[in-house]
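K.L.:
Here are the chains, one letter per residue:
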Amino acid sequence: MTNTPLLELKNLTTVFPTRRGLVRAVADVSLSLAQGELLGIVGESGCGKSVTMLSILRLISTPGRIAAGQALFQGRDLLKLSDGAMRQIRGKDIAMVFQDPLSTLNPAFPVGEQIRESLRIHHIAQNHFAREKERVIELMSEVGISSPTDRFHEYPHQFSGGMQQRALIAIALACEPKILLADEPTTSLDVTIQAQIMDLMRRINEARGTAIVLVTHNLDLAAEFCQRIAVMYAGRLVEIGTTDQVIETPQHPYTRGLLTCIPRISAQRTRIEPIPGNVPDLANVPPGCAFAERCSEMQPICQNDLIPFFEIAPGHLVRCLRHSSATPD
Amino acid sequence: MTAHAPTRVARGWDYSFRIRLRLWWRALAELGYELWQRPVVLLGGIVVAAFILAAVFAAQITIHDPTRGTLLLRFEPPAWEAEGNWKYPLGTDDQGRDLLTRIIYGTRVSLAVGLLSVAISVIVGTALGAFAGYYRGWLDEILSRFADLLLAFPFLIFAIGVMAFLGPGFVNLVMALAFKGWVEFFRLVRGEVLGERTKEYVDGARVAGQSNLAIIVSEILPNVIQSVFVLGTLRLGYMIIMEASLSFLGLGIQPPTPAWGSMVASGRDYLLVAWWVSTFPGLAILLLVVAINIFGEGLRDILDPRLKIE
Amino acid sequence: MKAIKILERVLTTIPIMFGVAIIVFFFIRLTPGDPVDIMLGRSAAASQREIEQLRHQFHLDEPLHVQLGYFLGDALRGNLGYSYIRNKPVVDLLVERLPATIEMTIGALLISLIIALPIGILSAVRQNSLLDRLSMAGAFLGISMPGFWLGIVLILFFAVYLQILPAQGRISYDVELQEVTGLYVLDSLLTGNLPALKDSLLHLLLPSITLGAGVAAIIARVLRSSMLEVLRSDYVKLARAKGATEWDVVMKHALRNALIPTVTVVGLQVGVLLGGNMIVETVFSWPGLGRLVVDAIFNRDFPLIQGAVMIYAITFVLTNLVVDILYTYLNPKITL
Amino acid sequence: MNRVRMIQFSALAILVLLAACATPTPQVIEKVVEKPVEKIVEKTVVAERTVVVQPTAVPGRDTLVVALARAPSGIDPADHSSREAETVIRNLYDGLVTRDKTSGVHNEIAESIKWLDTKTLEIKLRKGVKFHDGSELKADDVIYTFERVFKPNAIEFPQPHTALRKGFLGPFGSAEKKDDYTVVVNFTAPWPAAMQMLVHTQIVSKAYVTKVGTKGLIEKPLGTGPFKFVSSKTGLEEVVLERFADYFGGAPDLTPVGKACVSRAVFRVIPENSTRVAALLAGEVDIITEVPAELVDTLKKVPGVQVKSVAGTRPIWMEFNVTQAPFTDVKVRQALNYAVDKNLIIKKVYNGLAQPLGGALMPTNNFADPSLKPYTYDKAKALALLKEAGWTPDASGMLMKDGKPLAFVIDTIDSLRPVTEAVATMLRDVGIDASVRVWEYNVVRPKLLARERQAYVGDWGDSAFDPVGHIEAKWHSLVTGSTYGRGNFSGYANARVDKLIKDGEIENDVAKRKVIYNEAQKLIYDEAPALFLVLPEAIEAAAARVQNWAPASDSRENLHDVCLK
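Chains as they are written, first to last, in numbering that gives the first Met the number 0: chain A, 0 to 328; chain B, 0 to 309; chain C, 0 to 335; chain D, 0 to 564.
The hints are simulated quantities; they were obtained by calculation from the structure and are not laboratory data.
Accuracy of the hints is not assured; some may be wrong.
[Unchecked claim] Straight-line alpha carbon distances no greater than 27 Å define the calculated BS3-like cross-link-like pairs of lysine-lysine that follow:
id, chain 1, residue 1, chain 2, residue 2
1, D, Lys219, C, Lys87
2, C, Lys87, D, Lys232
3, D, Lys346, D, Lys378
4, B, Lys86, D, Lys378
5, D, Lys511, D, Lys521
Chain A on its own, in the form it takes in the complex (with noise of 0.2 Å):
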């Protein structure tokens, strides 16, 4: 691996205005992401695992705006690059699958000209229709849909679910980018569906070397999946490290708490424990720790003011005072 990261978020913070105030979905993010890596980025849902995504590739929707930080890739700033210049870069360098596939794909389109059209953006076959055509049809076959050339002329609605899923990653790989940003990919899909793209999507990084960001609120998808874990809570990251240190050696009380959430074949313990309490409000995070208000080892330093990483061990950082003893990050 090289000394430069593929993709590196300096303090990424990104705000949404709302009638309640100002909505801090991501706040002050900082991750790096190798070549050729799987990094995992877990959370509960609206925890601002998908805004992080949405920030890098710049796709925030109005009123919403990336308010701080960079977006290195390959050293560039991403946040900076003219709005052409950053066209170039999606779905060429950094591409993105999105959560539910029905819809996202266009219903008014068949599915084979959904993917041409990013060969056609991105000039990859030269704009030859025959060329694409014949591109598309492999990379359709490639992603695992049965008789490609039939299913080129065939619209969303037509696919099955884990289909449809295949047709997106179709879409995202036909330009083989560098990063694949996958937003819960599966988790609209039944077990056994899931199972096979998970593994498609291992067999894409192998083959290619295509990092992958896998987003999820599946801890346990993330632990099979990921050589790295990113646990996000309200808009922050809460720890990171690799997947050993954060499911055996957890250090946040809320990766615990996500943990014993899961049911687990392996684990000793059969008890689910839900995690008490609300995720807080994100246009009202109280300072201190967010998720302070629900951790049972709380104490009353932990709301006084903004925690900073600790490392605890090489490569794994925790937000949380317990590890105060650790030199901060």
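Could you slot chains B, C and D onto chain A? The hints should help.
P.N.:
Frame of chain A, contents of chains B, C and D only:
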């Protein structure tokens, strides 16, 4: 034994009525809050309310007689024009009658026709829709087919056709509008009832021994009444335009009763010499209808975002 | 598959047309008093024999269901009765007037689309911009503006003050045009008559704007709101994530989907246009169906009113048929 | 998003402004004139741009376009019933006699007409009068025309029926051909009004009509008039005529004599008043009929537009249904005549272009009694008469009798709505609850004849300037199936008046006729079966390039004389 049952029913009614009243109060308070949050919608509501008040108290707030005038004062321009006179703020018409007074009285006709035709449409449409949706069967089949048929006619053309045969007049006008107006409410309520009738609470009521009529009236209708109310508000503006169009064509209210549509129509010959005679009643139609639409759409957003009819 | 579906849809209009005819038949029953008295109105001194004759001619001396049978049978054979005021069969009158009305309705529809599409799209893309606010305010006005008033103001401005557009009529009297379909614009194209094309288009412009303004407003509002909805959708995000240009995102991905609900509304608006004809045709001296109907109403020319209402309803039903068929091409999901 | 709608209110203002700008207001010009001299040039330009609008003549255009307010009711000379129809027809056809711009009758096709006795007329025809197909007009054509108009069911299309113009042949009996150029007409009774009435019968070609039938005649009319038929569009919305090169020249008394001046004439229907005026201002039409009186001042100030008016022939009354209370009481009827200020109506509603009626006949009728002065406006007298009739004002000033208000509905037709509303307003002023209902004439007429209504403001054409054709229709009691009382909407029936009317019809001595009619007029005046209102002028306007044009009293457009500059 027999004396016992009615008492229980009565107490049940009384009880549910009180609860319902409290619920309605709370809903109303919430609605008030939501309106406060949307100043433009509120403004629309205030304009509508102002028109209603003007219609009710027309006789108290005007100093002129809407049907009396003198030719000596023919075509007095609005007050701000060179030869205007604040006695006639919007000027006078071809008979020397105060235009503002006539517009205020005209509100009565517009609102009366609008409200009555919507009210009849609501009552007929809701009742038929509820029964058709609840009982299904041949009744539903016939009513639905008939409703589809009426939809095959453009509204204004149907109303013109009916008015042509009935002849002009207030009652006929309301009838003609309601004759087609009920269809929308029928379809709305029928659809809602079809959805509601399979829900648990209806089954519960049936198990509890309530009659079908009681179930429809006391269990199902309260759940669809909001949508009906919203649709009714939106239709009110439409009916007012229909009234104006029919009056414009001479099929509505007859002179000297001031009706906006006929005021616009009779003033159009004078557009080159006295632009105000037909412009201000036109603007009154515009203002009221726009206000009703803003208010109605605001209500829709607050009460029933599902209901998106254009 | 699609062809069969379309055929089925076409067939469903047949019972509707029958229903329309039946309702129109019952119109005359609404009149207080004896229809024959009213029909004979203009010759008050009609003899009893004449009354009987007329009664027989209209089958009013037979039971109601027999009358209905006659009416439907006649209607099916294209016989809608006889206009006493105009001394002509109703069908002839309708046929000679219909092209003018159709031409204006199509003109108004096109104008309203030309106005509404860019405004709807732009105000959705630039939501809350000044342009958006102004055009939506304009839309509200357009919906409630009395057609005749707009018409006269347009005449005064374009015909009298600027003198660049004609004030009335369908074509100048000194322009020769051979009638083929009765739609003058089409006829001048068919006969390759360029002066007539220019002249008839100029004549068509102001009435179409007058008639189309309200409809344009409604279409613009619907298009804007469905564009707003579509622009928030995931597939638009995907298109952006692919790196598509804003133009492609809006004009291809978003518009195509936003048009689906819009098309339905456009179909319904044809009904509004048909109704609005009556006023606009009077203002612009347009020799169409609308003026004929207004005349017929005041003259109590009942057979003519019946026939005209029927023609309007049928035009409306057919338009919606076309819209539905168009819909299947816009929306691949649709099953008719 | 909701805030968007706030803006509409300001947009409203803009619209009003637009309307105000686009509306030519006479004030603008007046203000301009008051400007200092050195600025006039500049300001005049501005004024012309803001105001109107010189009609621009299309260069080299030799076509005269006339805008009518209504479509002609037909184009068959025997079978129509409107002035618009007569206007078109009389440019296509000629009559035996014609009328000048006022009430004078002159020979047209006839070379001479003379009474052989009180019931027999000898008509000598001009030689060399050609139909548009080149054939010569002869006695047979005249006889055929008379028979076609008079005989029952002589018009075979679309269904056999009697010509609508039958009444204009009076007591026609038979017509005989003496030679090719002489016709003798026998009447069943003396007919002093013959000359004025014959103006309204136009001669068709026997050969042509027998060949093509009525349908053919309607589709392609053929006459001897100054213009030939070229084409017509949907329901006579537009009729195009062209100059008839072989025209015999027209009535020799009425100069100019000769072929028509313009090569083409077009009649176009523009029903909306504002549009009709706009079309003239835009230069699209050359002559417009029925100019609203309100617009006269405005139009007169427009350079390049000429406005002319002439005493009309459509007097207006409000007829009371004398068979029904409260109008059974002559005092009420007289009171109402005193209660309405005709001069104010003339000044305001007609812009001064009308005269008050002094009874049953219009002042321009050759037999009108000038000694009958219009009822004066006298509110006190009206109230006194009403009091005598038992109507007294209550606290609010409304007239009451036996606890019931004096209330009635005044029916009228759309074109008379302004004057009717003015009358109703004045009546309300004396405490009468009068309201207005607008009808189409064809619809309300049977109801009026059935005496189902209460009061009716209507007009009746008197273009013959003779009591006949008019007085028997309005004031003779109704005789079903005849022309007597066919327009009697008041139900007025006075045996003496009936007799006088019938006597007048057959009295050939003008002085004696005058005596007869004066008595009838006095009776009608005193019994007041109607509120005698006004005789409005016919107002027309034309572009400046139209020359030798003037509106005619019988509101017919005689385009034969008109030239274009």
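K.L.:
Any of the earlier hints contradicted here, and which numbers?
P.N.:
Violated: none.
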